[in-house]
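One-letter residues, chain by chain:
There are 2 protein chains.
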Amino acid sequence: MRRFRLCFIGFGNVGRALARLLAAKSAELRDNYGIEWEITGVATRRMGWRASDEAIDVSALLAGTEQTQTHTGINEWLAYAKPDVVFETTSLSPENGQPAIEYLRASLQSGAHTFTANKAPIVYAYDELNQIAITQGKRFLFESTVLDSAPVFSLFRETLPAVKIRGFSGVFNSTTNIILETMEAGRSFAEGVKSAQELGVAETDPSHDVDGWDSVMKVCAIARVVLKTPLLPIHVRREGIRGLDHRVLQAARAEGKPFKLFARATVNADGSVTASVRPEQIATTDPLGNVRGTSLAIHFELDTIPGLTIVSHRPNLQSTAYGLLADFINAVSPTDQQSGKY
Amino acid sequence: MRRFRLCFIGFGNVGRALARLLAAKSAELRDNYGIEWEITGVATRRMGWRASDEAIDVSALLAGTEQTQTHTGINEWLAYAKPDVVFETTSLSPENGQPAIEYLRASLQSGAHTFTANKAPIVYAYDELNQIAITQGKRFLFESTVLDSAPVFSLFRETLPAVKIRGFSGVFNSTTNIILETMEAGRSFAEGVKSAQELGVAETDPSHDVDGWDSVMKVCAIARVVLKTPLLPIHVRREGIRGLDHRVLQAARAEGKPFKLFARATVNADGSVTASVRPEQIATTDPLGNVRGTSLAIHFELDTIPGLTIVSHRPNLQSTAYGLLADFINAVSPTDQQSGKY
Numbered sequence: 001m002r003r004f005r006l007c008f009i010g011f012g013n014v015g016r017a018l019a020r021l022l023a024a025k026s027a028e029l030r031d032n033y034g035i036e037w038e039i040t041g042v043a044t045r046r047m048g049w050r051a052s053d054e055a056i057d058v059s060a061l062l063a064g065t066e067q068t069q070t071h072t073g074i075n076e077w078l079a080y081a082k083p084d085v086v087f088e089t090t091s092l093s094p095e096n097g098q099p100a101i102e103y104l105r106a107s108l109q110s111g112a113h114t115f116t117a118n119k120a121p122i123v124y125a126y127d128e129l130n131q132i133a134i135t136q137g138k139r140f141l142f143e144s145t146v147l148d149s150a151p152v153f154s155l156f157r158e159t160l161p162a163v164k165i166r167g168f169s170g171v172f173n174s175t176t177n178i179i180l181e182t183m184e185a186g187r188s189f190a191e192g193v194k195s196a197q198e199l200g201v202a203e204t205d206p207s208h209d210v211d212g213w214d215s216v217m218k219v220c221a222i223a224r225v226v227l228k229t230p231l232l233p234i235h236v237r238r239e240g241i242r243g244l245d246h247r248v249l250q251a252a253r254a255e256g257k258p259f260k261l262f263a264r265a266t267v268n269a270d271g272s273v274t275a276s277v278r279p280e281q282i283a284t285t286d287p288l289g290n291v292r293g294t295s296l297a298i299h300f301e302l303d304t305i306p307g308l309t310i311v312s313h314r315p316n317l318q319s320t321a322y323g324l325l326a327d328f329i330n331a332v333s334p335t336d337q338q339s340g341k342y
Numbered sequence: 001m002r003r004f005r006l007c008f009i010g011f012g013n014v015g016r017a018l019a020r021l022l023a024a025k026s027a028e029l030r031d032n033y034g035i036e037w038e039i040t041g042v043a044t045r046r047m048g049w050r051a052s053d054e055a056i057d058v059s060a061l062l063a064g065t066e067q068t069q070t071h072t073g074i075n076e077w078l079a080y081a082k083p084d085v086v087f088e089t090t091s092l093s094p095e096n097g098q099p100a101i102e103y104l105r106a107s108l109q110s111g112a113h114t115f116t117a118n119k120a121p122i123v124y125a126y127d128e129l130n131q132i133a134i135t136q137g138k139r140f141l142f143e144s145t146v147l148d149s150a151p152v153f154s155l156f157r158e159t160l161p162a163v164k165i166r167g168f169s170g171v172f173n174s175t176t177n178i179i180l181e182t183m184e185a186g187r188s189f190a191e192g193v194k195s196a197q198e199l200g201v202a203e204t205d206p207s208h209d210v211d212g213w214d215s216v217m218k219v220c221a222i223a224r225v226v227l228k229t230p231l232l233p234i235h236v237r238r239e240g241i242r243g244l245d246h247r248v249l250q251a252a253r254a255e256g257k258p259f260k261l262f263a264r265a266t267v268n269a270d271g272s273v274t275a276s277v278r279p280e281q282i283a284t285t286d287p288l289g290n291v292r293g294t295s296l297a298i299h300f301e302l303d304t305i306p307g308l309t310i311v312s313h314r315p316n317l318q319s320t321a322y323g324l325l326a327d328f329i330n331a332v333s334p335t336d337q338q339s340g341k342y
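First to last, the protein sequences are chains A and B. Quick note: the first sequence uses my numbering, first residue 1, plus one each step. Quick note: the second sequence uses my numbering, first residue 1, plus one each step.
Any given hint could turn out to be false.
[To be verified] A short list of chain B residues far from chain A (calculated; beta carbon distances all over 10 Å):
| id | residue |
| --- | --- |
| 1 | Lys25 |
| 2 | Ala63 |
| 3 | Glu95 |
| 4 | Ala150 |
| 5 | Glu191 |
| 6 | Arg238 |
| 7 | Arg292 |
[As the list claims (entries may be wrong)] Across the chosen pairs, the derived CB separations fall in these ranges:
| id | chain 1 | residue 1 | chain 2 | residue 2 | range |
| --- | --- | --- | --- | --- | --- |
| 8 | A | Thr135 | B | Gly73 | 27 to 35 Å |
| 9 | B | Gly293 | A | Ala79 | 56 to 64 Å |
| 10 | A | Asp205 | B | Gly186 | 35 to 43 Å |
| 11 | B | Gly186 | A | Ser26 | 29 to 37 Å |
[What the hints assert, rightly or not] Some but not every residue of chain B turned toward chain A, in silico, with C-beta under 8 Å:
| id | residue |
| --- | --- |
| 12 | Ala27 |
| 13 | Glu28 |
| 14 | Pro161 |
It should be emphasised that the hints constitute simulated quantities derived from the structure, not laboratory data. Backbone N, C-alpha and C fix where the C-beta goes; we use that ideal spot for every residue, glycine too.
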């Protein structure tokens with residue numbers, strides 16, 4: 001049995017869902033994985049850098065009534081909370097990945113396994129952060145960044161060795177899925193945004209999704225880690241969905257080739273990667289043609305498997321939280337086989 | 001660098017494709033995984049138990065011109081060929097898994113990592129074979145048995161810890177896919193069988209596929225390993241596709257709900273599993289509604305991910321062979337992260 005001190009940087013919807021999931025699965029973690037845990041630090045913009053000598057009560061934390069000490073910054077906080085594991089789920093800063101990169105760097109340097117739900121640090125600082133993790137003998141993982149928690153990074157890291165990836169495509173963004181489907185039903189762009197906001201998938205300002213940046217960041221993160229190619233957002237041809245007329249969308253759906261905000265990456269003969277995110281008509285018979293609503297999917301072309309599609313249907317907050325939990329368990333557990341249980 | 005002695009039991013289409021794939025990927029195996037290999041034994045019904053002191057030349061083996069010694073049975077053969085790794089790809093014996101189970105037992109007991117493309121030994125002898133592997137400190141893996149090489153077993157073993165599986169469904173059989181699609185196009189059952197045979201997916205006697213046994217065995221293998229429930233073929237409600245009239249199939253396709261030979265397994269509240277394999281109408285908007293031709297797919301319902309679908313599009317012989325190669329690499333390699341490369 002090993003006991004892990006857990007800290008959260010960011011404690012919004014995803015962080016709170018993760019705390020609830022950890023509590024709900026604590027017996028299974030203990031019995032099947034030999035994992036016990038306690039939360040010793042939580043940092044948010046509102047609360048500041050809060051830490052405790054003793055385990056913070058999860059119910060009190062979720063209710064906002066816990067009594068903890070406030071520290072002046074991340075390094076003092078890390079020194080006090082002494083995390084074995086840090087979950088970083090701060091709001092996205094897509095321009096440059098800050099301050100998330102700084103938080104992840106400090107967490108890894110303190111010797112904690114570090115897991116993030118943010119794409120930007122993968123795009124802008126993967127090499128540096130992963131190198132710190134290797135030096136520290138810890139892991140830096142981020143499975144929830146692309147398809148919430150459907151395996152993408154771990155798929156290639158753990159299950160598909162020695163494959164050559166020829167390219168991938170994907171439907172990576174729920175907000176645009178929902179806006180396009182709302183417009184296909186004859187309603188307006190603004191009504192589509194409202195639907196996506198009501199479902200909790202769109203931000204107050206939906207530009208990041210609508211203009212394709214969210215999908216571009218996912219393409220770059222996958223390219224960086226899985227294709228081992230340092231693709232930056234500026235290298236991706238990007239076109240959002242604002243220019244699409246609802247009559248065009250309706251006609252496309254009627255002919256069985258609805259528009260999606262579609263991501264594509266192709267590995268060229270010289271090893272470089274050409275990528276785009278733009279509205280494309282995808283036949284409903286296409287591997288990704290049935291991905292609707294909040295569902296997300298990726299399709300890979302491999303030398304040894306002509307096509308491999310992973311679809312995550314209607315992922316929810318708990319799914320995103322599970323991506324972080326899976327990172328934690330995978331980082332600290334031997335495989336079932338190694339532990340003799342499989 | 002580690003050098004592995006490889007042996008093949010069965011050397012038909014899959015075994016030969018694997019030998020070619022090993023040869024094609026040998027530089028990558030050496031450079032990226034520190035794996036060198038040589039083949040020291042091959043057994044087939046026609047050739048008998050052949051082994052060599054020295055590496056068998058792969059080209060000569062594929063051409064049928066290699067010079068090797070013949071041995072009288074598997075134990076003498078294993079003692080002479082001294083495999084580190086055995087690939088078992090003999091013809092299927094669905095009734096009881098023999099003689100494959102005997103071969104796998106002997107291979108594991110000799111201390112070899114052992115990988116099979118046969119489902120029946122998983123259904124009838126998984127516990128025993130896996131226990132021998134654990135005792136020997138070796139691995140018994142079989143990724144190619146369900147979706148050729150798309151990850152199913154490794155997905156749960158390596159990437160999705162601590163999930164609760166509520167059930168799964170699948171389109172597991174290419175032969176019936178092709179027969180049904182041929183009949184939808186107005187042609188006969190016999191023409192469908194012929195198409196499937198020409199594509200190399202159906203046996204001379206297609207009964208095993210057509211009557212649902214192939215899909216039933218896959219359901220039982222997944223239940224046994226992933227759900228940890230010893231489901232036997234006799235427990236699965238089974239109905240093949242012989243009773244379907246082509247007019248019924250055409251009408252179903254026309255209304256957008258074509259028939260598939262569909263597999264389902266549901267985990268009941270008491271932990272038992274209810275499973276069926278039978279023709280069902282699947283809407284083309286369903287997660288598995290677009291699985292056509294030789295493509296195969298599985299859909300899981302999990303507590304933490306509402307739906308997770310894996311589709312393998314048009315897998316070929318090399319895909320099946322790759323499933324065995326992936327087992328080999330995964331068995332003998334630390335993860336990339338552990339080796340400091342990821």
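To see whether the hints hold, each was checked on the structure:
Listed as outside the interface, Lys25 of chain B is inconsistent with that label: its C-beta sits roughly 6 Å from the nearest C-beta of chain A, within the 10 Å cut-off. The beta carbon of Ala63 of chain B is kept farther than 10 Å from every beta carbon of chain A, the shortest such distance being approximately 24 Å. At the 10 Å boundary, the C-beta of Glu95 of chain B stays outside the reach of chain A, the nearest C-beta of that chain being 27 Å off. For Ala150 of chain B, the non-interface assignment is contradicted: its Cβ lies about 6 Å from the closest Cβ of chain A, within the 10 Å cut-off.
Under the 10 Å C-beta cut-off, the non-interface status given to Glu191 of chain B relative to chain A holds; the minimum distance is some 23 Å. Against the 10 Å criterion, Arg238 of chain B stays outside the reach of chain A, whose nearest CB is about 27 Å from its own CB. With 10 Å as the threshold on Cβ separation, the claim that Arg292 of chain B sits away from chain A is violated: the shortest Cβ distance comes to roughly 8 Å. Checked against the given bound of 27 to 35 Å, the beta carbons of Thr135 of chain A and Gly73 of chain B, roughly 53 Å apart, lie outside it.
A hinted range of 56 to 64 Å for the beta carbons of Gly293 of chain B and Ala79 of chain A is consistent with their spacing of about 60 Å. Our hint of 35 to 43 Å for Asp205 of chain A and Gly186 of chain B is violated, since their Cβ atoms are close to 54 Å apart. A hinted range of 29 to 37 Å for the beta carbons of Gly186 of chain B and Ser26 of chain A is inconsistent with their spacing of about 59 Å. About 11 Å separates the beta-carbon of Ala27 of chain B from the nearest beta-carbon of chain A, more than 8 Å, and the hint is not met.
About 6 Å separates the beta-carbon of Glu28 of chain B from the nearest beta-carbon of chain A, less than 8 Å, and the hint is met. Look at Pro161 of chain B: its Cβ gets to within about 4 Å of chain A, closer than 8 Å, so that hint holds up.
Violation of the numbered hints given earlier is confined to hints 1, 4, 7, 8, 10, 11 and 12; the remaining hints are satisfied by the structure.
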